[in-house]
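Work from the hints to combine the two standalone chains into their complex.
From first to last, the protein sequence lines are chains A and B.
When we follow the working numbering, the leftmost residue of the first sequence carries the number 128, and every step to the right adds one.
When we follow the working numbering, the leftmost residue of the second sequence carries the number 119, and every step to the right adds one.
Hints listed in this document are in silico derivations from the structure and should not be mistaken for laboratory results.
We treat Cβ as the ideally placed atom computed from N, Cα and C, and that holds for glycine.
Hints are supplied without guarantee of correctness; some may be wrong.
[Unchecked claim] Going by beta-carbon spacing under 10 Å, a handful of chain A positions derived as facing chain B:
#1 Asp-254
#2 Asn-281
#3 Asp-284
#4 Asn-286
#5 Leu-287
#6 Asp-289
#7 Leu-290
#8 Ala-296
#9 Arg-297
#10 Ile-301
#11 Pro-312
#12 Gly-316
#13 Arg-389
#14 Trp-390
#15 His-391
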Amino acid sequence: MSDDVPRPRSRRDSLWLKIGAPLAIGIVVLIAWEAMVRVNEIPWYILPGPLSIAETMVRDWHMLWPSLVNTLQVTALALLVAVVGGFSLAVLFASARWIELSLFPYAVILQVTPIVAIAPLIIVYVDNLTIALLICAWIVAFFPILSNTTIGLNSADHNLLDLMRLYGARRWQILWFIRVPGALPFFLGGLRISGGLALIGAIVAEFVAGGAGSGSGLAFRILEASYRLEIPRMYAALFLISGTGILIFLSFTGLNHLLLRRWHESAIRREG
Amino acid sequence: MPPLVTLSGVAKRFPSGTLAVERVDLAIEAGSFVSLLGPSGCGKSTILRMIAGLIEPSSGRIDWPGLTEAAPTGAHPELGFVFQEPTLMPWASVADNIRLPLRVAGVARAEADARVDEAIRMVGLEGFFRSFPRELSGGMKMRVSIARALVTRPRVLLMDEPFAALDEITRFRLNNDLLALWQQLRWTVVFVTHSVFESVYLSNRILVMSARPGRIVEDIAIGAPYPRDDRFRVSDEYGNLCRDVSRSLHRALAA
Ligand SMILES: Nc1ncnc2c1ncn2[C@@H]1O[C@H](COP(=O)(O)OP(=O)(O)O)[C@@H](O)[C@H]1O
Ligand SMILES: [Mg+2]
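One chain only, chain B, in its complex shape (with noise of 0.2 Å):
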């Protein structure tokens, strides 16, 4: 089978002269849970919006060999894109929210409602529907904002730091729910992190960045099964594993 989508040569020089990314070769495999993990500045969020299609390389190529349809210009039904911040809008409630793409896409009213109503179950949302964003907590926006980007059942899912700015106990239990999520449906996440715990615990495979302009500089197998639960977390072999992923990290910086 063909990687769902590669980059070959990708570069990245910004207007304003940063050299962002300066050459980037990788193939991501349909179903796999990768994380890039770096620094902060160190272009990984470049990356993620280079494969979204919301800036253009300034050199190299992206390819979607594992796509049926055309590369992405711009507009891509099959992605779905969960920023940093919830980036919600603080006028319309959870459910207008989350049938924004589906608004946006011309879905018809009842099929909407439906789709609405299975995303807001996933990320057990249920009883928030007419809740207003500012309602809500940092926890539960960033469900809101995953649910958005679920509701058009994406194959692909692109995420940039997502939980970066919540606390650690809401934080596991929203690495659990995704990880739930991530077996059932069988998309591909591209999970940005600057997290080494997080990136070890999540993924299957990480790929470990260099400072400014980013390189990625190590690929790192996550071997451990799935489900991953709080006992995976705890187990000698996280530890294991977040020890080496750390020293690949240091590795990386010194480079």
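The shape of chain A in the complex, shown without the other chains (with noise of 0.2 Å):
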């Protein structure tokens, strides 16, 4: 056996420009809005300078944190219940032709409607508000889920479907050992566009129900933090709502990196 063995991809993969040259601009913004703002000496209550907001993010952290903790409890529910409703639904519109021509164009009238149109009616409707906010949360979060992964589904390679059927494979077989590894991209793919928009649809729906509120996640501080003009409060929670927003795409990144590293080519680090 002596047929060509391609060596493996040397990695000399500029990571530090990928973290450093973000992170550096991040620091030159941050210096500069500081002074600009003592400069000027533009009041805080007008615009705070990222000191004072940071000052602020530790002073209400006792606030602050419990009302992140459940921003991402709505968030990660309402994904994890877009995963499992959009791959299930997914599977079964790959299983009948007519099942995905009869469903699919509710499922595109639930994503096209905006959330913000559909929130007060939900709101109104159910009464525990964490479930509310859930159910809103859920509708944006599904549909990259469920197209993403019905493309995969049917994406399988002709040839290989052809090989399981002459081998007399069962349908679950082919959907199992062909249909659903090879989704795999596709719906990590789609999963890393779900986790932003749970996060989006849980705040919009914090900002509908507003007042209703007993929900106490980091919407309804930023509201609140309004009615009484705590501009750096304002700011510190929109910091840490785009802080989640960041971390959930990285993890997904990862996870992806992690799942697909040794076969896909939207995982495969390159030379040059």
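Now the structure itself:
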């Protein structure tokens, strides 16, 4: 056996550039922001500097932290339901064309109707606020998983499917051995989008619920702080929300890499 | 002994209206190495896929008098199929790719492991069990594909231009290894190719096809004895046979 064996690719990826460059930009912007606030003596109730926001974050942590946990819970739970629901529905779609044809349009309708327009109704009908928020977050989050996974399940190699037929494979075997693993990269792509959307859905619904607020998520903190003109706390909550979004995105990117690094082009590092 | 498989008046017209195969009458003996030789688009793959039961002929019939089991309808454990592309699962290791047909058939783990081992050794891929397809060269991927076809211990191997995408040196090596396996295991091989040289080197019978709609216009026996090796490849006998078959192919295209 002496066919040419490809060498493993060298890994001189400029990792520090990928992390360092955006980090440097961020630091420069923060310094410029702080300097601008100080030089122009802008009062904190109009535009607080980053230091004052950090101070607020530490001082109000006892109220921000529970809100963060609350928002995270709703987001995570909505995402979980979106994953289970989106994936199962995609499998159902892949198993019978008529189901896909009859249900997909409604999934699209649910997706294209802005969540701010649906949220008030849901909040009216559902007594438990947490469940109402959950439903809103789910509605926005499930579509990318559904549509991506459906495409993935349908894009199996036709020769491989023929081969399975030759082996006398049953439908569930074709699904489980060929279609599902092949759909994984598509599913993970959908998951990455859905993660961000679940957070957006949770926040938007909380804004809509607004005053009804036995809720204590981050959006509620922003609303509450705005009524009291506590601008630094609005910023602190805002930073926590974007931080959460970034964290969700990064962890799914990491998951994507972990699961696909040995076989899928999207997760393989290249030279040069 | 009855032939292994017979095609009687087989034709294929696709729903698009393309008449891919016009009328094929053919009997293939067990243990033979038959090549279907013809230009691209003449219906070779279509014939092979009909033999495999993957598509139905639009007229005529295919029988398997040489097999004890009933005629194939889609599923057929006695057939192995190798495509032009390796057609591997990119997410699975070499061993798991080869194990696929055994998993489908529900073969017990220990038995399956032993058979995967055996198949990997037959194609010379020891040491690559845990590699992934993308880590292998084109020739090695094709070896995995062949091992997957062998692992069910088929009696008939259907190969659709399996080496067409490989460089010549790799192709020669795979030709030799395939012949060695064929002599050892005594399957029947139906081998699709558009290469005169490859068909002469490998087969004991060449079916020359016309351009579309495909018909078999010449049936040539290649009497050169096996084992054939690199000495045969440079012999006068091989050169003469190639010239004869090339002439037949030209006649077939002119017809
Ligand atoms: N599924 C199909 N539907 C319509 N036409 C097809 C289909 N498969 C093959 N053909 C046509 O049938 C002819 C023969 O194809 P094929 O058997 O693949 O040729 P070959 O393998 O000899 O190159 C070609 O003209 C091709 O375009
Ligand atoms: Mg072909």
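Quiz item: Checking against the hints above, which ones are violated?
Solution: 1, 2, 12
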